[in-house]
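Just so you know, the sequences run in chain order A and B. Residue numbering for the first sequence follows the working numbering, beginning at 1 and increasing consecutively. Residue numbering for the second sequence follows the working numbering, beginning at 245 and increasing consecutively.
No wet-lab data here; the hints were simulated from the structure. By construction, the Cβ of each residue, glycine as well, lies at the ideal position given by its N, Cα and C atoms. Where hints are given, some of them may not hold.
Said to hold, decoys possible - With a Cα cut of at most 30 Å, we get these calculated DSSO-like pairs of lysine-lysine:
#1 A/K145 <-> A/K65
#2 A/K65 <-> B/K389
#3 B/K389 <-> A/K201
Stated by the list, open to error - Computed from the model, here is a short list of chain A residues facing chain B with C-beta under 10 Å:
#4 V74
#5 A127
#6 S129
#7 Y137
#8 D184
#9 G228
Claimed, not checked - Computed far set for chain A versus chain B, every beta-carbon distance over 12 Å:
#10 D23
#11 R27
#12 L42
#13 D82
#14 R93
#15 K102
#16 S110
#17 P170
#18 L174
#19 S194
#20 T202
#21 D203
#22 P211
#23 F215
#24 R227
There are 2 protein chains.
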Amino acid sequence: MHILEANTRPVIALTKHQPSRTDFFSRHTSNGACRKLAARQLIWAEGDVRNEVCLIRSGTVCFYKVLMDGRRVVTGFAYPGDMIGLGTGPHQRNAEAVQCCKLEPMTMASFHSAIASDTAFSDSVQAQSCRELAGSYEHLMVLTKMTASERLAHFLTGLSMRNRRLGYSPNSVLIPMRRVDIADYLGLTIETISRTFTTFKTDGLIGMEDPCVVFLINLERLAALARGACDEKGRVSVCRKIAA
Amino acid sequence: MHILEANTRPVIALTKHQPSRTDFFSRHTSNGACRKLAARQLIWAEGDVRNEVCLIRSGTVCFYKVLMDGRRVVTGFAYPGDMIGLGTGPHQRNAEAVQCCKLEPMTMASFHSAIASDTAFSDSVQAQSCRELAGSYEHLMVLTKMTASERLAHFLTGLSMRNRRLGYSPNSVLIPMRRVDIADYLGLTIETISRTFTTFKTDGLIGMEDPCVVFLINLERLAALARGACDEKGRVSVCRKIAA
DNA sequence: TCCTGCAATTGAGGCTGATCAATTATCCAA
DNA sequence: TTGGATAATTGATCAGCCTCAATTGCAGGA
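Please construct the entire structure, taking both the sequences and the accompanying hints into account.
Okay, structure coming up:
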């Protein structure tokens with residue numbers, strides 16, 4: 001799954017061993033033809049007409065909105081096997097390739113006829129829409145009620161759980177995005193992200209040789225943090241007990 | 245539209261002068277029969293089976309999730325004329341009546357046949373789903389990147405814009421929900437909400453005789469704040485200029 | 001080779017908003 | 001009327017995260 005690129009950013013891709021993860025989609029496209037995107041390339045902008053749905057074959061995509069004054073909010077990431085562009089009306093947010101990506105496009109016409117004719121396909125679309133909605137509520141919770149440590153732990157364990165779902169080791173994760181993307185996703189600054197990585201490292205929660213590869217040494221405590229159950233030291237947090 | 249109740253919480257309702265706002269829905273229900281709910285009554289819980297869609301005829305509904313330790317996140321509010329319960333799968337969040345409510349229910353069976361047969365209806369559903377999605381991204385932005393003043397200004401101008409859309413005065417808004425609901429919605433504490441109301445009042449941005457009725461005296465500056473364009477004093481904020 | 005630009009890290013200090021605590025007002029039941 | 005519960009407000013204090021600044025490392029181009 002993992003291929004290290006020249007620019008040191010790990011590119012995550014679907015392997016040939018997972019044909020079932022893409023077949024439902026490729027049945028309805030032009031022979032699974034792919035479009036290649038460079039890192040940081042804009043895929044579409046907020047307000048653009050929605051004219052295709054894409055399956056990510058490799059790489060990572062980042063969705064974001066920007067305020068007038070330049071403040072940016074990353075609303076989510078999408079990974080290989082995810083469909084992007086679901087929804088109705090014009091695009092609600094910008095989509096950008098975090099790293100070089102391969103996208104398999106499907107026209108809206110094909111998409112709608114596939115929805116109507118292919119139950120497996122429409123089920124997949126339905127399932128992903130539900131996951132996205134649930135994820136956005138989860139994300140609201142992270143942003144309103146969690147500390148910096150809890151947020152980063154939540155982010156890391158999320159990547160770990162994704163690995164487990166796909167049959168890879170949950171004990172190490174690749175971080176394809178830059179610190180600034182993580183910061184804008186978690187509602188923090190890059191400095192806080194960096195500092196929290198460092199405290200995790202000194203507390204023995206993670207190991208990190210370069211900014212893109214993280215070993216989750218103490219996954220249980222990270223998961224507990226992500227659930228808001230204890231602080232970085234492993235103690236049950238005081239303010240949390242009072243709230244309970 | 246506005247009826248003050250015994251418990252001093254203003255109950256917002258649809259008037260008879262807006263039949264068009266409900267007709268599209270009532271065509272498909274049992275003569276527009278309504279269910280009455282008391283204040284603070286649970287409508288459904290997270291995980292419940294989705295077995296009906298409702299139109300709010302009067303009152304306000306609040307959606308929220310609760311962490312294991314009791315921390316609560318309000319993900320949104322719904323007002324008269326809104327449909328609640330749209331989506332697929334089990335409910336993703338709790339729904340509670342902020343105040344006494346009148347809901348007009350529609351079974352999922354009627355809902356699906358209405359979607360299939362009535363273009364105006366399916367357009368309304370589509371439109372509201374889009375509004376909700378856009379609103380949730382907007383909300384993410386508010387929670388990650390805005391100060392307390394900006395968040396509250398955003399909340400107030402949102403209510404004001406809703407008034408304008410419905411043909412009422414945008415210069416005063418009724419606050420049907422408690423401070424704690426606003427706080428959990430904006431990711432702040434009730435104390436901060438209260439303090440920010442007070443500073444708005446002393447700065448001449450708003451007038452407030454009781455906690456439920458707010459006069460938006462300087463709507464432009466509130467709107468600018470809500471957009472993140474300036475601070476409470478009306479000056480362009482320093483940190484914002486740098487980011488631009 | 002140097003130079004530039006970008007990404008990440010680390011440190012110092014300050015500010016915003018949370019926490020804890022006390023007070024007031026209202027409503028309702030006894 | 002009194003007492004209790006709920007909601008809102010205000011004050012004092014403190015900590016977590018942001019801001020500003022400096023440094024390091026790496027990649028690519030001149």
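Structure-based check of all given hints:
1. Between A/K145 and A/K65, the direct Cα distance comes to roughly 22 Å. Compliance with the 30 Å bound is thereby established for this hinted pair.
2. Note on A/K65 and B/K389: the hinted pairing holds, with a Cα-Cα distance of about 11 Å set against a maximum of 30 Å.
3. At most 30 Å may separate the alpha-carbon atoms for a hinted pair to count; B/K389 and A/K201 meet this at roughly 27 Å.
4. About 9 Å separates the beta-carbon of A/V74 from the nearest beta-carbon of chain B, less than 10 Å, and the hint is met.
5. A least Cβ separation of about 9 Å between A/A127 and chain B falls short of the 10 Å threshold, and the interface hint therefore holds.
6. Below 10 Å, beta-carbon pairs count as interface contacts, and A/S129 has one with chain B at about 7 Å; its hint therefore holds.
7. Hint on A/Y137 holds. Least Cβ distance to chain B is approximately 5 Å, under the 10 Å limit.
8. Look at A/D184: its Cβ gets to within about 7 Å of chain B, closer than 10 Å, so that hint holds up.
9. The beta carbon of A/G228 comes within 6 Å of a beta carbon in chain B, closer than 10 Å, and the hint placing it at the interface holds.
10. A cut-off of 12 Å between C-beta atoms confirms that A/D23 is not in contact with chain B; the least separation is 23 Å.
11. Every CB of chain B lies more than 12 Å from the CB of A/R27, the least distance being 23 Å, so the non-interface label holds.
12. Look at A/L42: its CB is around 17 Å from the nearest CB on chain B, clear of 12 Å, so calling it non-interface holds up.
13. With a least beta-carbon separation of about 17 Å from chain B, A/D82 lies farther than 12 Å from that chain, consistent with its non-interface assignment.
14. Distance check for A/R93 against chain B: the nearest CB is about 6 Å away, which does not clear 12 Å, and the non-interface claim fails.
15. No Cβ of chain B approaches the Cβ of A/K102 within 12 Å, the least distance being about 26 Å, so the stated non-interface status holds.
16. The claim that A/S110 lies off the interface holds: its Cβ sits roughly 20 Å from the closest Cβ of chain B, which is beyond the 12 Å cut-off.
17. The beta carbon of A/P170 is kept farther than 12 Å from every beta carbon of chain B, the shortest such distance being approximately 22 Å.
18. Against chain B, the non-interface label of A/L174 holds: every CB pair exceeds 12 Å, the least being about 24 Å.
19. Every C-beta of chain B lies more than 12 Å from that of A/S194, the closest at about 18 Å, which supports listing it as non-interface.
20. No Cβ of chain B comes within 12 Å of the Cβ of A/T202; the nearest lies about 26 Å off, and the non-interface call holds.
21. Against the 12 Å criterion, A/D203 stays outside the reach of chain B, whose nearest CB is about 21 Å from its own CB.
22. Once the 12 Å rule is applied to beta carbons, A/P211 is consistent with being away from chain B; the minimum gap is 22 Å.
23. Interface exclusion of A/F215 from chain B stands, the closest Cβ pair being 27 Å apart, more than 12 Å.
24. Not every beta carbon of chain B lies more than 12 Å from that of A/R227, the smallest distance being close to 7 Å; the non-interface claim is violated.
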